[in-house]
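Q: If you read the protein sequences in the order shown, they are chains C and P. Start counting the first sequence at 24; every next residue gets the next number (this note's numbering). Start counting the second sequence at 5; every next residue gets the next number (this note's numbering).
Be careful, since some hints might not be right.
As the list claims (entries may be wrong) - Sample of chain C residues facing chain P (criterion: CB under 8 Å; computed from the structure):
1) Asp161
2) Ala218
3) Ser251
4) Arg254
What the hints assert, rightly or not - Here are the simulated distance ranges between beta carbons:
5) C/Val256 / P/Asp32: 20 to 26 Å
6) C/Thr253 / P/Asp52: 16 to 22 Å
7) P/Ser82 / C/Thr253: 14 to 20 Å
8) P/Leu64 / C/Gln150: 53 to 59 Å
9) C/Ala145 / P/Gln28: 39 to 45 Å
10) C/Asn80 / P/Ala63: 56 to 62 Å
No lab work stands behind these hints, which were simulated from the structure alone. All residues carry an ideal CB built from backbone N, CA and C; glycine is no exception.
These are the residues of each chain, in order.
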Amino acid sequence: MTAYGNSTGGFGFNSGAHGLPDVDMQLLDMVLDNGDITAFLNDLAVVAASRLSVPGNPVHCGVTVIRHKRPEAVASNDAEAHALDELQNGFGDGPCLTALHSKAWLLVPDLATEQRWPAYVAVAKAQGVASILAMPLDLAGEAEAVLNLYSGRSHAFSPDDIATVAAFTNQAASAIRLVLRITQLSEARSDLSCALKSRTIIDMAVGAIMAENRCTRETAFGILTKASSTRNVKLREVAASVIASISGEKEIDTYFDE
Amino acid sequence: MYPYGADGPEQPDWAGEDCNGTAQRFRDADLALDKLWIYYYGIGGDIDEVSLDAYLHDALDIPASQVSLIATAMTEMSEGETL
Numbered sequence: 024m025t026a027y028g029n030s031t032g033g034f035g036f037n038s039g040a041h042g043l044p045d046v047d048m049q050l051l052d053m054v055l056d057n058g059d060i061t062a063f064l065n066d067l068a069v070v071a072a073s074r075l076s077v078p079g080n081p082v083h084c085g086v087t088v089i090r091h092k093r094p095e096a097v098a099s100n101d102a103e104a105h106a107l108d109e110l111q112n113g114f115g116d117g118p119c120l121t122a123l124h125s126k127a128w129l130l131v132p133d134l135a136t137e138q139r140w141p142a143y144v145a146v147a148k149a150q151g152v153a154s155i156l157a158m159p160l161d162l163a164g165e166a167e168a169v170l171n172l173y174s175g176r177s178h179a180f181s182p183d184d185i186a187t188v189a190a191f192t193n194q195a196a197s198a199i200r201l202v203l204r205i206t207q208l209s210e211a212r213s214d215l216s217c218a219l220k221s222r223t224i225i226d227m228a229v230g231a232i233m234a235e236n237r238c239t240r241e242t243a244f245g246i247l248t249k250a251s252s253t254r255n256v257k258l259r260e261v262a263a264s265v266i267a268s269i270s271g272e273k274e275i276d277t278y279f280d281e
Numbered sequence: 005m006y007p008y009g010a011d012g013p014e015q016p017d018w019a020g021e022d023c024n025g026t027a028q029r030f031r032d033a034d035l036a037l038d039k040l041w042i043y044y045y046g047i048g049g050d051i052d053e054v055s056l057d058a059y060l061h062d063a064l065d066i067p068a069s070q071v072s073l074i075a076t077a078m079t080e081m082s083e084g085e086t087l
C-alpha cells in the first residue's frame, strides 16, 4: 500500500506543540467576522493553504461538505483546489471522500504509484497533482466536512505537516460547530418572526370567517384550507384576501419587538 | 382549543390511521422537524413541536384539522415557498 490512513489519536492537540499558538484567536476572529459558513470555510482554506505552502511548492486547499446527502465543494483557497474537489465529487469516489466516510485522515504520498481510485487518480495526475492529504473535520454529527490539500510535489506532506493539519482542523472543527450553531439559531429566529406575522393574518381571517358564518374555529379553518387547496393559493394569501375583502387593509402588521 | 359551536362543544375529528400518509411524506421529504413546526405554526397550527414529532412517528393521534394543516405546510414548503 502506498497510502496509509490512520486515526489522529497519536498526535497531541495542544496548540503550542505544533507552533499554532495564535490559531485559536485567528479562528475566533474568523467566526466573528463571517456571517455565514461558506465565507468562514473559504477563510479556513486560505489559512490552511498558506500555512503549508512553501516557496516553490504551493499547496491548494479545498473543503468539501455533505449537503443533502451529496458531497459538494463549498470552499477553497483557489480555483484549482475547487476544480480538484469538484472532480472527485463528480467521480463519487477518491481519497478525500474515502477520508470523509471513514472519518480518518488519509495520505496519498505519490499519485504515480497509487492503485486505488484509478479513474480519479488518472485525471488528477493529468492536472499536475502529485500528493494529496485529506483531513476530515470532526463536527460531532452536526455536519460532515473534509479539508483537502493538494500538492504538485510527491511526498509533499511530512509527518510534522500532518500533525499540524490535524491540530489545525481539530481547532477549526470547534469553530465550525460554533458557526453552525449561530447560523441555525439566527435562521430559526427569522423563520419564527415570519411565522408570527403569517399567523396573525391567518388567525384574523379565521375570526372573520367565524363571525360571518357563525361557525367554530375548526370549521372556519376548514373553509380557509379548502379555498387554499382548490385555488392552489397559499393559505396566508387566502387569509390576506379575506381580510382585504372585509376592511380593505392590504398590510397587516404584527407588533414584534426585535 | 376547540371552540364551542351552537350545538355545544364540537368533538374533534380524530385523524386515526387513515391520514398517516402525512407522516410517510415527512419521512420521505428530508425535512427538518423544527422548520416544519415553525411553518405549521405560522399557518395557524395548534400542537407543539414535541407532539408534532410524536405524530410524525405514529406515536400520537391528533385532530384531523391539524393533520390537514401539517399537510398544507409540507405542500407549501415543498413548493419552495417561505412564509
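Q: Each of the hints needs a verdict: does it hold here or not?
A: Now the hints, each set against the structure:
1. Asp161: violated (22 Å)
2. Ala218: With a minimum Cβ separation of about 3 Å from chain P (threshold 8 Å), the hint on C/Ala218 holds.
3. Ser251: holds (7 Å)
4. Arg254: C/Arg254 check fails; min Cβ-Cβ to chain P is 13 Å, beyond 8 Å.
5. C/Val256 / P/Asp32: 20 to 26 Å: This hint holds: roughly 25 Å between Cβ atoms.
6. C/Thr253 / P/Asp52: 16 to 22 Å: Violated, at about 30 Å.
7. P/Ser82 / C/Thr253: 14 to 20 Å: 18 Å Cβ-Cβ, so the 14 to 20 Å window holds.
8. P/Leu64 / C/Gln150: 53 to 59 Å: holds (55 Å)
9. C/Ala145 / P/Gln28: 39 to 45 Å: holds (44 Å)
10. C/Asn80 / P/Ala63: 56 to 62 Å: holds (58 Å)
The earlier numbered hints that this structure contradicts are 1, 4, 6.
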